[in-house]
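Taking the hints as your guide, dock the two standalone chains into a single complex.
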Amino acid sequence: MASSSSSSKTGLKKMLTLKSSDGDEFELEESIVIQCQTIKHMVEDGFSLIPLQNVDTKTLTKIIEYMKKHAEKTESNKEEIKNFNKEFVKGSFDDQFELVSAANYLHINGLMDLLCQSIADRINNKSVRAVREIFNISNDYTPDEEEKVRDEHKWAHEGGEFDESLD
Amino acid sequence: MNQEGKSIAVEGDIEDRISVLPRNVIDSILELLPVKDAAKTCTLSKSWRYVWGELPKIVLDYEFCDELIEESESNFREVVDEILLLRKGKIVKFDLDVRVEDLASYTAIDRWVLYVTRNSVKKLSLRISKIDDRTYTLPPCIFHCPTLTQLKLASCSFKPPSSFRGFPNLVTLLLAGITFSEKCVIKAPLLANLTLNCCDGIQYLNIVSPVLKSLYVCYRHSYIALNCFMNCKNLRDFGLEFLEVVDNPNHDHRSTLKNLLVSLPALEVLNLDSLFIEFLSADVVQSNGPPFMLNCLGTLSLTVDFGKLDHTSYVLQLIKCSPNLTNLLISVKGTYDNAEAFFKNLKTLGCLQLPPLNKIEYVSFYGFASPKIVLFFAILFLSHAPSLLRIFIEQPIGIDSYVDVELSRLPKASPKAELVCDFRVER
Numbered sequence: 001m002a003s004s005s006s007s008s009k010t011g012l013k014k015m016l017t018l019k020s021s022d023g024d025e026f027e028l029e030e031s032i033v034i035q036c037q038t039i040k041h042m043v044e045d046g047f048s049l050i051p052l053q054n055v056d057t058k059t060l061t062k063i064i065e066y067m068k069k070h071a072e073k074t075e076s077n078k079e080e081i082k083n084f085n086k087e088f089v090k091g092s093f094d095d096q097f098e099l100v101s102a103a104n105y106l107h108i109n110g111l112m113d114l115l116c117q118s119i120a121d122r123i124n125n126k127s128v129r130a131v132r133e134i135f136n137i138s139n140d141y142t143p144d145e146e147e148k149v150r151d152e153h154k155w156a157h158e159g160g161e162f163d164e165s166l167d
Numbered sequence: 001m002n003q004e005g006k007s008i009a010v011e012g013d014i015e016d017r018i019s020v021l022p023r024n025v026i027d028s029i030l031e032l033l034p035v036k037d038a039a040k041t042c043t044l045s046k047s048w049r050y051v052w053g054e055l056p057k058i059v060l061d062y063e064f065c066d067e068l069i070e071e072s073e074s075n076f077r078e079v080v081d082e083i084l085l086l087r088k089g090k091i092v093k094f095d096l097d098v099r100v101e102d103l104a105s106y107t108a109i110d111r112w113v114l115y116v117t118r119n120s121v122k123k124l125s126l127r128i129s130k131i132d133d134r135t136y137t138l139p140p141c142i143f144h145c146p147t148l149t150q151l152k153l154a155s156c157s158f159k160p161p162s163s164f165r166g167f168p169n170l171v172t173l174l175l176a177g178i179t180f181s182e183k184c185v186i187k188a189p190l191l192a193n194l195t196l197n198c199c200d201g202i203q204y205l206n207i208v209s210p211v212l213k214s215l216y217v218c219y220r221h222s223y224i225a226l227n228c229f230m231n232c233k234n235l236r237d238f239g240l241e242f243l244e245v246v247d248n249p250n251h252d253h254r255s256t257l258k259n260l261l262v263s264l265p266a267l268e269v270l271n272l273d274s275l276f277i278e279f280l281s282a283d284v285v286q287s288n289g290p291p292f293m294l295n296c297l298g299t300l301s302l303t304v305d306f307g308k309l310d311h312t313s314y315v316l317q318l319i320k321c322s323p324n325l326t327n328l329l330i331s332v333k334g335t336y337d338n339a340e341a342f343f344k345n346l347k348t349l350g351c352l353q354l355p356p357l358n359k360i361e362y363v364s365f366y367g368f369a370s371p372k373i374v375l376f377f378a379i380l381f382l383s384h385a386p387s388l389l390r391i392f393i394e395q396p397i398g399i400d401s402y403v404d405v406e407l408s409r410l411p412k413a414s415p416k417a418e419l420v421c422d423f424r425v426e427r
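Order-wise, the sequence lines are chains A and B.
Here the first sequence stands for residues 1 to 167, numbered as in full-length UniProt numbering.
Here the second sequence stands for residues 1 to 427, numbered as in full-length UniProt numbering.
Among these hints, one or two may not hold up.
[Unchecked claim] With a straight-line Cα cutoff of 27 Å, these simulated BS3-like cross-link-like pairs (lysine-lysine) come out:
id: 1; chain 1: A; residue 1: K154; chain 2: B; residue 2: K57
id: 2; chain 1: A; residue 1: K78; chain 2: B; residue 2: K359
id: 3; chain 1: B; residue 1: K359; chain 2: A; residue 2: K126
id: 4; chain 1: A; residue 1: K148; chain 2: B; residue 2: K88
[To be verified] Partner residues aside, some chain B positions facing chain A, computed with beta carbon under 7 Å:
id: 5; residue: L32
id: 6; residue: K36
id: 7; residue: C42
Think of the hints as simulated: they come from the structure by calculation, not from any bench.
For clarity, every value in this text was computed on a predicted model and none was experimentally measured.
Cβ coordinates follow ideal geometry from the N, Cα and C atoms, glycine included.
Okay, chain B solo, but in the shape it has when bound (with noise of 0.2 Å):
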């Protein structure tokens, strides 16, 4: 530490770095250094001194705002503004993710928020957790703000005022824990990804958006609304999960589904989870299957209940009807696990006449649950998969590994099969 002087007193003709890195190098490397790090960068010498002030975004991440709040809030108020006001140059994006427990924060918030919409923000996120009972309502600014293309709020009040008309430029729009009471429609032309996470009166929601690319839906209660989607030809990705068991799914339930997948030709990613293979199975006279073709689909990823035969026989079914298929992901659950009584009823059900999955390349099973249901389907997509390449299967620590010995010796649809067995502690 007290070797100064020496080092800092270096000779005229040794280049400083930052006339050797090219410009838009070293703020990609500022950009990736917590806030305080890259201020301090401006003390460095005087051709570092406004390089971080110009750095079109500005990301004040959780940590950050809370040690400052720890000292004061309205020192974290002051930091913020002097950020914002010593800024020099567009804000492309501006990131603020912060529990305040004073309702100043609350105006200080709507003004950073104004004049980042005033700078042609291209990229806003905003998590502003509650005070008491006060949800944080978004100021106006933001739904006439023309220049944004991502958008993401959580535990925010949304409501668009009056005079709302659409979000021109949006392409990706993440909603997350937020609270729709009344109709809200938002016309979003260019919207191509969707998340909603965890919000309520999705029902009030109407979203349109004719080139949506993909479509994510966690959901809090049983209520799905997803008939403002029907008509998003373009969707290649969609998932659906739930976060609680529901009791009841109603039957609009199943058909909303039921129809939304009817209507997506161009589907290529498909994550659903045990609940959705609930409402879809319940339906289907079990040797039918589904009244669709997922034909452009190549990954699907499930949480499925081996104790359900029916969810088993309709995965089965989803199998058979995505001819394109590559990547198949199953998720676990459940604790049945009687192979033989299984193999029998799915056999009685005719399920298990599978025409060659010539597509499947890799298979993989996430969970404990139900071990000898999982190598059963392992045993079947190595006998049905000719061009598998692998087949991914989590074991518990401290397993013997049955799964290796058995499999090994069996005849396999294709030669360049691998099964890879990877031991995790339980969760």
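Just chain A, same shape as in the assembly (with noise of 0.2 Å):
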């Protein structure tokens, strides 16, 4: 509903065009994209295609789609702003990993905030195998160092059960 207002108005609107790292671009305009710190900065030194040499098209497709969802918030769908971000984090962490990097390059910081809380969420209380799996970490200590850390803050280890799953 928001949305039929402001695209009839679309003609007066200042156009930009993204480029992502596969070449592909997407014309967007400015109110929608100043969300996003790093391009307000380029916009404002006069660019009007902006290359993101650090976004690929699949990731750019989604945090597009995030900005244009955000820039319709208003007073009165604040409800549909929240479900949408809860669909919007519902990827693989692959997903996830990849938008907030993407996310922080490009200085969205709702952005930001809405996946490192979403990525907290879903690692907290999991163990320590199934974090290193989920970041992809091989474990370099020796045992015997491993102990060691571990006997540094043994109060972190103790008590409660730790999920192992990797979703």
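Written out as structure tokens, the structure is:
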């Protein structure tokens, strides 16, 4: 409903082109794109074609989806945005890591917060082994070394069951 | 669970996520984890060995502390000592929320606070539930910590030493459940946000804060002390709340509040609960309205007892003297619901001659009291507010929505106005 009123004025709005690392171009209204601080600064410097070497097409598509939705934010659709956010973070860990890197590079603070919270929620109470797999970390401690580090914060490893699942 | 080995032995050419994700992202994620989970990451691999230990923020919340204390309070002290000793780099933020029973823990807390203030802490938050009758007394080092920008203190004894010269860099101050029994001057030249939540003896407090932007006070007793804020010309956001019913507010309280509102030309957000509307309305000759204009006010949030006619008419006066009001929120109190008598009385008082409310976009009613009067007000705004976008009304589940039906038939001053009824279980 809010989108219909904004798109009717599209003709008057300044447009920008974002180019992904795969070379695909996306044309968007300036008012949508300036949620992203990095691009906002480039626009202020007079750029209208913005190459994003660190963001591939798949990730950029998702990020544009996020920016478009959040540009519609008003007093009355808070619930709708909340549901959108909930759906938005449902992807795999790999997708989330890609997105969070891009959001960080583009300085989209709201998206950064959303993704960090989602990743934190998902590794909360996971076992060390599960977190290693999720982050793709190879354990380079010898068993003795690992034991020593563990002893340093024994309290962190005590109490409760830890979740071994990887989703 | 038993598929180990295979996936742990990752091929060497697959990059570790820690080198893929920038350090600030890793830090942000770790800061959102409970302390235990964050600390466990040291065990992941050599490159993670000190990542947690270098986080600039230490948040020891109630749940974390309580779990350790349940085992033993000395164990809790040992663990926090370890956490601080193993810390590398600056400590920007330190939060501690704990209920202890052993006086030795007070000594330990003193030690931790000293440690973080020596490490240039900027944001410090302490909530220390008292042991029997002995409230935790803040150590002097807090009052001599020039790096503090944010200080949140709850349930502590706040007695600055005589050498206290103020907080030179403090921007945000929250004091909750603190009793002041002697004169206390806090000079805070940069203070922008102040919250005083259920503190006693506020009359002894003199906070010198020339650039204050936001002030929230929740009172526990009827002594309203606001004199030290009379010169806060930059105040934008102001709220007053009352925890209990007061028997007889005296004249001083009324005039203090009125004088304060007269002296706040930049006010943008105002929150008042019904007691303060009572203070304000008591002195006012109805037809004259309040002796001030709130020209910058955009958001007005009020708790209103519709059973009290003078309250209601005062609310209408407040709206009249706020020409730039866009957002009105009313929490409804009281049981009076005779809309016809109500309407008649307001009309007799001349309160219903409202100017066009040109800027109002959102009007919201919360609470289930006096549904007919709420409806009456909704109609008033529908017919007077040409920019209205939404009227929100909270209604109990199970009641037929007479509001919808009645309002949808009415002529509206604004073509865009929509009505939203939110059905909730009665509280």
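Going through the hints against the structure:
1. For a cut-off of 27 Å, the pair hint linking K154 (chain A) to K57 (chain B) stands: about 21 Å separates their Cα positions.
2. For the proposed pair K78 (chain A) and K359 (chain B), the alpha carbon gap of about 22 Å is at most 27 Å, so the pair holds.
3. Distance hint between K359 (chain B) and K126 (chain A) is unfulfilled; the C-alpha atoms sit about 52 Å from each other, more than 27 Å.
4. At most 27 Å may separate the alpha-carbon atoms for a hinted pair to count; K148 (chain A) and K88 (chain B) meet this at roughly 18 Å.
5. Given hint, L32 (chain B) at the interface with chain A, holds; its Cβ is 4 Å from that chain's nearest Cβ, closer than 7 Å.
6. Interface restraint check: K36 (chain B) against chain A, minimum CB-CB distance 5 Å, threshold 7 Å, status holds.
7. Interface hint status for C42 (chain B): upheld, as the beta-carbon distance to the closest one in chain A is roughly 6 Å, under 7 Å.
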